[in-house]
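Go ahead and model the full structure; you've got the sequences and the hints to work with.
So the sequence lines, in the order shown, correspond to chains P and U.
Using our numbering, you'd call the opening residue of the first sequence number 1 and step up by one each time.
Using our numbering, you'd call the opening residue of the second sequence number 1001 and step up by one each time.
Hints listed in this document are in silico derivations from the structure and should not be mistaken for laboratory results.
Values in this document were obtained by computation on a predicted structure and should not be read as measured data.
Any given hint could turn out to be false.
[Claimed, not checked] Listing some non-contacts, in silico: residues in chain P with all C-beta distances to chain U over 12 Å:
(1) P46
(2) R88
(3) Q182
(4) G272
[What the hints assert, rightly or not] Computed Cβ-Cβ distance ranges for the label pairs, DEER-style:
(5) P1552/U x P224/P: 32 to 38 Å
(6) E102/P x P1621/U: 50 to 56 Å
(7) E1506/U x T291/P: 19 to 25 Å
(8) G1578/U x S264/P: 56 to 62 Å
Glycine is no exception: its CB is placed at the ideal position from the N, C-alpha and C atoms.
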Amino acid sequence: MKRALSLTLVYAIGLVSLGCDDPLESVELIDELRVLGGRVEVTGDPGRAAPAPGERATVRLLVAAAELEPAFGFALAACSAAPRNGARGRCVSPPFAEIFVENAEAAAPELELEVPADVDPSGRVLVWGVVCPNGSPRPDRARCDGSDPGTPVQLELELAHAGDVNLNPELQASSIAFDDEQWPELTAIERACTGLGSIAVAPGSSHTISVTLDESDRDALPRPTELDPARESLQLSHFVSAGDITRAFESIAWDSDELTRQVSWTAPSTPGLVRMWLMLRDFRGGGAFTTRSVCVR
Amino acid sequence: MPRRESCVRSFIFVSSLSAAGGVLALSARAAAQSASPSLPPPAVAAEELEFEGTAEVEAPPRDVTRRSVDNQVVQNMPGTRGDALRAIEIMPGVARTSIGQGDPILRGAAAGESQVFLDGIPVPFMFHFGGATSFMSSRLVEKLDVYPSNFSARYGRAVGGVIDITARDPRSDGFHAVLDVSLIDSSAFVEAPVTRDLSVAAAVRRSNIDFVFDKLVPDDTYSVVAAPTYFDYQALVSYRLDSATRLRLLGYGSRDALSLLFSDANDEDPGLAGSIRGRIEFHRVGLELRHQGTRGVSGFANVTAGRLGLLQHLGESEQRFDATELYGRTEASFDLHRAVRLTAGADFFGWLLAGKYHGPQPGGLEGDPTDGDPLAAQRSISVEDESVVVAQPAVYLDLQLRPLEPLLISPGVRVDYYGELADSSVDPRLAIRYELATTTALKGGAGYYSQPPQSWQSMPGVGNPDLKHFRALQISAGVEQKLGGGGKLTAEGFYKRVEDLVIGTENREAPQFVNTGQGRIYGGELSGEAHFGSNGFAYLAYTLSRSERRRPGSDWRLFDQDQTHVLSLAGSQGLGRGWTVGVRFRLVSGNPTTPIAGATYDVRTGVYLPIYGATNSRRDPLFNQLDARVEKQWRIGPGKVAAYVDVQNVYAAKNPEGYRYSFDYSKREAVSGLSLFPNLGLRGEL
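Structural data, given as structure tokens:
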């Protein structure tokens, strides 16, 4: 049904004739402030990503930047979402929660909300707004002041309802390894990365990063037909501030049993602190993220 | 970023250009019949001296415009690789389509709004893989007729135009065979008489691209499980019952298949991960009885049945359809008076379809840029139905009145019933032709043309069961001037207004599709052709047109493939000693495009969703391309051997066919179409 799925000889000819040029921009390389994901935690039950009507929850976005302490502003709001099949969310009522921050100073964009008790639990909540590098959001929450338009964001949340619980997947500290060694999270203090206890590697050297997920990270899903997936699919994303990583995205299909995923990373030729961001999502609003660092010297 | 990722992006981008490869593009449209009212004799080679007993008489035209190209021309047309059906690209009113964009665009109508027939029976698609090579051997094509608009009541269930391919009878002068091997594909054709009244022919073709495909793509892009392949075949048995009656059995089929395994998820759309598998095929057999009476009565009956199958698998999206097809038509013509001819006919189109679908809510209609949105960000639906019945009978009447010798008036009416919609349409049509002189004719016509939505658009769970047919008013007028030596000049103007078009709802919200779109198309065409002896020709075609669509409450906007100027020049000449050279040049306005003004980051899926500007408010640069063909033929005993090179895009013009974007849509670059491509081939004929 999808137009992109049409079978054409262009599949073959296109690859040959277009060539495989360098990309326009590397998705996995963080060289400016970007939003990489988010996580929703129900107040009092942080493992749950889907609040029920009347419950409170916190939406937190993962923001990454080349700088250790980037300055940015943001504005977020939450409303009841219109039913949709397309990709874009739309509000059907005025926002019931909102936040407007001109300068976040390294704090993660965060919105606390209380889902109105009279919302249909089979509906969804739309969180939307804009993140503004080096600037402030405009009152419409769609753009930023200044020349940089910022990054408009949207997150549509499912609500908890009978028979369908959406739990956050987790990135356990013990499940993340660098060259087969456990890779603890350390707070990066300075770019020179001296005396931090970070893993140290040589410039240009190659390494493996592996993440092992747990079966419990994939919630069971209602399955009205055999065509529907029996449980969630997951996506593991890798981003780096320097160096070359083999791929940004790892897809863990619902019927896949391969829960350990590995990518290769080549250190940059210049010394310095390199940070890596890992984001795990279940495509239903559940997510987990963490940051690691390594010292190149 | 490693080189590999970009390769995947290019791959996906180009694949997204293809518009009509799926079964969903196989609209549940019409069975209609194209049939010459006269009974042609068995095909005979030009050099054959044997005389047959039946004369071929061209019937008076029932359509305002019918454009045809003979087989000798199409086999020498540069840039077509000898593919008969690709020759329609030299005709006025035919827009340029890229490989993967599907069937031709006739006078500004979407590909799905026109219909392609083989011997009067609708075929699912005209080209393998949306435009690579036609589904039928050129050796079996007797003629190719294109009706860009204002066709007679014989055809229905289409608001655009009609392309009708007529298969020829096998030759009766002995055994003949052709073997053709080129870089793109290989084909074989045989024909022979069995008795004086019984003759047979068969053709088969297979693509060669899979033999080299895995050598051409980077190893780390994906694993090639099965490279793209296409295959088609035709088998024809013709039996002459008497001098006026013929029975034909035609079996034919086609299969396109592809299977790839991506090593990584795509940067812009992590939903594109895992495998891409696809297959579309059809297999049919049809029986036709045709009678050319001597007392002003002629007619035919045709019944064709077959199977259609489709599988598409993309990541977690999957689609499977299998359909049993049944087509039928009968038509009779009566000369009621020397100035009055009546044609009455009925046709039937039926599908019994079983299918499953899991994937994004289908949209993908013309003028909807969100069709390219990342799969990962769209909500999925699941539908399973084992018994979808599509039954569409129709009846029609055509009169041909000649109150004065030079004046022919052809009123007609067609009544269609769309069973699955409980809907019907009545379409009156009129064509008038006045012969100013033996070489000059004025012509014009007007009429209504109706088309049901594609069957999936009204399917519960996928689309809107309350959809109805949509309708077009078509008007055209022009002049034809015959020249010496078989040459001709024509000039025509046309106007079309389409109402109740099926369009997608905003954001694909329920009921997903509604009958509220409108279209208007207008323009003019000039064409000329000249023939130089038996082995030279020149064609010129120019079309100036504008095709627009709009939603309720919106301004008119350009149609996705509106092309203001379409200029084609083609020529070929035999040079003696077996040498033939030819060139074709095309200069065409670029297609409209929708600008991207920014992007929203979707936290749930991790992809950026483009923010679109005004739909089709910009246009790609002018397309220009020169093709050339050189062939050298040798006679060896009773046979011939030919070597040829058919070069597409001789000077490697970089014609943008679209754009690829960075992951956040902040940067873009043009993606050029096919670069210089020489197709080398060797052909043996007996």
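Verification of the hints:
1. P46: Fine: 17 Å to the nearest Cβ keeps P46/P off the interface.
2. R88: The assertion about R88/P is violated, with a minimum of 6 Å to chain U.
3. Q182: holds, 26 Å
4. G272: At about 20 Å from chain U, G272/P clears the 12 Å cut-off, so the statement holds.
5. P1552/U x P224/P: 32 to 38 Å: holds, 34 Å
6. E102/P x P1621/U: 50 to 56 Å: With a Cβ separation near 44 Å, E102/P and P1621/U fall outside 50 to 56 Å, so the hint is violated.
7. E1506/U x T291/P: 19 to 25 Å: violated, 39 Å
8. G1578/U x S264/P: 56 to 62 Å: Holds, since G1578/U and S264/P (Cβ atoms, about 59 Å apart) stay within the stated range.
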